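Enquirer: For what it's worth, this note's numbering labels the leading residue of the sequence shown as 6, then goes sequentially.
Just so you know, these hints were derived from the structure itself, not from any lab.
These numbers were taken from a predicted model, which means no experiment stands behind them.
Think of the CB as a built atom: it goes at the ideal place given N, C-alpha and C, for glycine as much as any other residue.
Worth double-checking, as some hints may not be accurate.
[Unchecked claim] Computed cross-link-like contacts, EDC-like style, restricted to lysine to aspartate or glutamate with a CA-CA straight-line distance of at most 20 Å: (1) K36 <-> E90; (2) K29 <-> D50; (3) K81 <-> E20; (4) K29 <-> D17; (5) K81 <-> D50; (6) K8 <-> E93; (7) K88 <-> D17; (8) K81 <-> D42.
[As the list claims (entries may be wrong)] Pair ranges (Cβ atoms, derived): (9) M6 <-> W26: 24 to 30 Å; (10) E20 <-> V106: 26 to 32 Å; (11) R44 <-> C68: 29 to 35 Å; (12) T21 <-> N59: 33 to 39 Å.
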Amino acid sequence: MAKFYGVLGFADTVETSPGVWTEKIVEKSYKGDVIRDIRRWVPTDKVNDDININNSISVIADCYAFQHIFAIRYVKWMGVAWKVESAEVQSPRLILSIGGVYNEE
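Working from the sequences, and respecting the hints, build out all of it.
Expert: Encoded structure:
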């Protein structure tokens with residue numbers, strides 16, 4: 006089992022002007038383990054195929070992570086931000102299933 010040390014991106018909704026709400030990303034560092042490591046290519050009509058990973062990362066969570074589990078958007082792993090598809094609570098850990106590359110738009 007590989008070790009993990011990286012950043013989780015949490016979306017915090019803030020009012021940028023009266024009546025206009027946008028998501029602001031808050032990044033926090035966590036450590037844990039990579040408990041599943043699977044990669045697969047997704048064929049597309051584009052020049053280059055997309056890559057998806059079906060990895061699970063177990064992080065030791067703090068109070069902030071437990072209170073904002075609904076707001077986790079991505080995990081930075083191996084230099085790339087990967088979107089979090091699901092988060093499972095196994096106190097004191099969070100098991101994060103990650104998929105495709107996270108796009109900020």
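Enquirer: Next pair to validate is K36 with E90; report whether the Cα-Cα distance is within 20 Å.
Expert: holds (19 Å)
Enquirer: Note whether the CB distance of M6 and W26 lies within 24 to 30 Å or breaks it.
Expert: violated (40 Å)
Enquirer: Lying within 26 to 32 Å: is that true of the beta-carbon distance E20 to V106?
Expert: Once the Cβ atoms are compared, 29 Å apart, the range 26 to 32 Å for V106 and E20 holds.
Enquirer: In this structure, is the beta-carbon distance linking T21 and N59 contained in 33 to 39 Å?
Expert: Given a distance of about 35 Å, which is inside 33 to 39 Å, the answer is holds.
Enquirer: Take the C-alpha atoms of K8 and E93, compute the straight-line distance between them, and say whether it is at most 20 Å.
Expert: It holds: about 19 Å lies between the C-alpha atoms, which stays within 20 Å.
Enquirer: So if I understand the rule, the pair passes when the alpha-carbon distance is 20 Å or less; does K29 with D17 pass?
Expert: holds (5 Å)
Enquirer: With a cut-off of 20 Å on the C-alpha distance, tell me whether K81 and D50 pass.
Expert: violated (27 Å)
Enquirer: Given a hint of 29 to 35 Å, does the C-beta separation of R44 and C68 actually sit inside it?
Expert: At 33 Å between Cβs, range holds.
Enquirer: Taking 20 Å as the top limit, are the C-alpha atoms of K88 and D17 close enough?
Expert: holds (16 Å)
Enquirer: Regarding the pair K29 and D50, is the alpha-carbon distance no greater than 20 Å?
Expert: violated (32 Å)
Enquirer: For the pair we were handed, K81 and D42, check the Cα-Cα distance against 20 Å.
Expert: At roughly 15 Å apart (the allowed maximum being 20 Å), D42 and K81 satisfy the hint.
Enquirer: Given the hint that K81 pairs with E20, test it: the Cα-Cα distance must not exceed 20 Å.
Expert: At roughly 26 Å apart (the allowed maximum being 20 Å), E20 and K81 break the hint.
This entry does not satisfy hints 2, 3, 5, 9, going by the numbered hints stated previously.
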